[in-house]
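Chains as they are written, first to last, in this note's numbering: chain U, 1 to 319; chain Y, 1 to 124; chain P, 1 to 118.
Rather than coming from a laboratory, the hints here were simulated on the basis of the structure. Any given hint could be a false lead.
Unchecked claim - The calculated lysine-lysine pairs, modelled on BS3-like cross-linking and capped at a C-alpha distance of 25 Å, are:
#1 P:90 to U:182
#2 U:55 to U:192
#3 U:17 to U:7
#4 U:238 to P:90
#5 U:238 to U:192
#6 U:5 to U:17
#7 Y:105 to U:316
#8 Y:33 to U:316
#9 P:69 to Y:59
#10 U:69 to Y:29
#11 U:238 to U:249
#12 P:114 to U:192
#13 P:69 to Y:29
#14 Y:34 to U:316
#15 U:72 to Y:29
#16 Y:59 to U:72
#17 U:316 to P:90
#18 U:37 to U:55
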Amino acid sequence: MSRLKTKEEYEKTIGFKFRRWLYGEEDPYINKVEMVKQHHRHVEEKTITERMHEKQMHREYTYDVNRNKVLKTYSMLYRIASVVFVILIAALLVYNVSWLPKTGAAEKAVNNEVPQRYIENGLQETGAVNIVTGMILDYRAFDTLGESHVLFIATITVLILLRNNKKKATIAQISDRRFEPKNDSILQLGAKILVPVIFVFGIYVVLNGHISPGGGFSGGAIIGAGLILYVSAFGFEKTEKFFTERTYKVISFAALATYCIAKSYSFYTGANHIHSIIPLGQPGAILSSGLILILNICVGMVVACTMYTFYVMFRKGDF
Amino acid sequence: MGPNLIANYGEAIAMIMFAIGMGNLLLQKNLIKKIIGLNIMDSSVYLFLALKGYITGRKVPIVVDGIQEVTAYINPIPAGLVLTGIVVSVSVSALMLSLTIRLYKRYHTLDLDEISLRLRQEGL
Amino acid sequence: MISEWIRFTLGATLLAIGIFIFLFELFGIYRFKYVLNRMHAAAMGDTLALSCFILGLAIISGFNFDTLKLILIIALFWISSPVSSHMLAKMEVETNEEIANEVSFETLEEVEKKEAEK
């Protein structure tokens, strides 16, 4: 029916009369005209499978289904296997621990003649009241030298990995203090109070390494923490006056070289049974125990510079 | 189970901590959390070593009043070993964190799966 | 004898109070959803609970050289912990773009304007 004319107008036209003649005057809904039975719609099997395959192909093309299935199975298996592995390891280790000698027992395999020698003769041979310091800086000085070199090599690697290209990348330098404290007065007041105390305490721990608990590593870490607090409160303009990359290199190299020379002398005299000219001093005094004080200072300087360099490289990538 | 599990509860806790750290290392996707798991494993080893050196009723190996008998002090050797371990752990953590920063600058994500996906897409 | 008992009881009470505050702190950290609320709960333990602990320990050990060291530890924590909390809160305020959904606050300029109006 044309919508341009109304129903009454349409009923008067020739077209309408012709249609009425053609199709019959009766209304189909009042069951006068016979309805044709609908055919069953037949679709071939092959087309269905083809269509499904097409859909599948599209899915695979878009989502990489096969691989995702493998990945899903793999990650499930991985999770289950790792949990089982961790539980197995924990059970095995706890089982082994239950067969170890009791904690705090004196008759253990580790309490043999080596610690006995260190405790009984350590004070006379090294001059250090703190037996652990005497052990790690005299009997086992090679070990500590290796540790200092491990720190040094780690710092050099971090310097290589994180250093900015000075010609190209200025983005990092510009955005350095975007999320960092920017002249925060509360932090600056706290740093003003705390930094001197931290420095003094760190120097005390380094210098008293052979008398009291502590030593180069812990004291150096404390001094490094003080430096980090200082730089985060006052910014790089203040620290760059006294600490640059060159300073780090000079201090580390000088400390490690001093360590090497001092211990070379000590090992040379010891191996050739020559009497060392370095006096051991009065046990318990600050200036005692021969080379240990110097070595502690060297190690402390290396550790403090290393901590500060780590922080600076992680934050800015440049001194 | 052996006879000393109750007496060795500290060591048992250290071992469970070790397993927790290893689980973190295996199951976390975030690289920073993996590094944290490795540090938990380190700490458990320090705890174990420190407990191995401890002897009940004895003091820290710092000579006081000229007493130099073995029965007065605990074993000093594990303390030195723990010191070595801490230093190496700090170095390894710094190295891994700097590598992580490089990865983040390249791929802008810390998710290991995502990074390996990008690697595969790049054909590496 | 009685004075020692009183001292011990006082110290133990302070230790218990410290433990309670730590428990509340832990509860708060897991109960609250927003960062600044959690930080409020955490800062409570750093200052009040720790000072309760150390005060209790100082009372139990009696007044000697160790007490001075313990008081120094309290001073260090009272200086450093609020500063670090302040820095964390500042970081949150600066980096969270949808902070207006979580809290209502006045910027520094608004406060200054109000004070000028007064």
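Q.
Run through the hints listed earlier and report the numbers of any the structure violates, in increasing order.
A. Structure breaks hints 2, 12, 13, 16 and 18.
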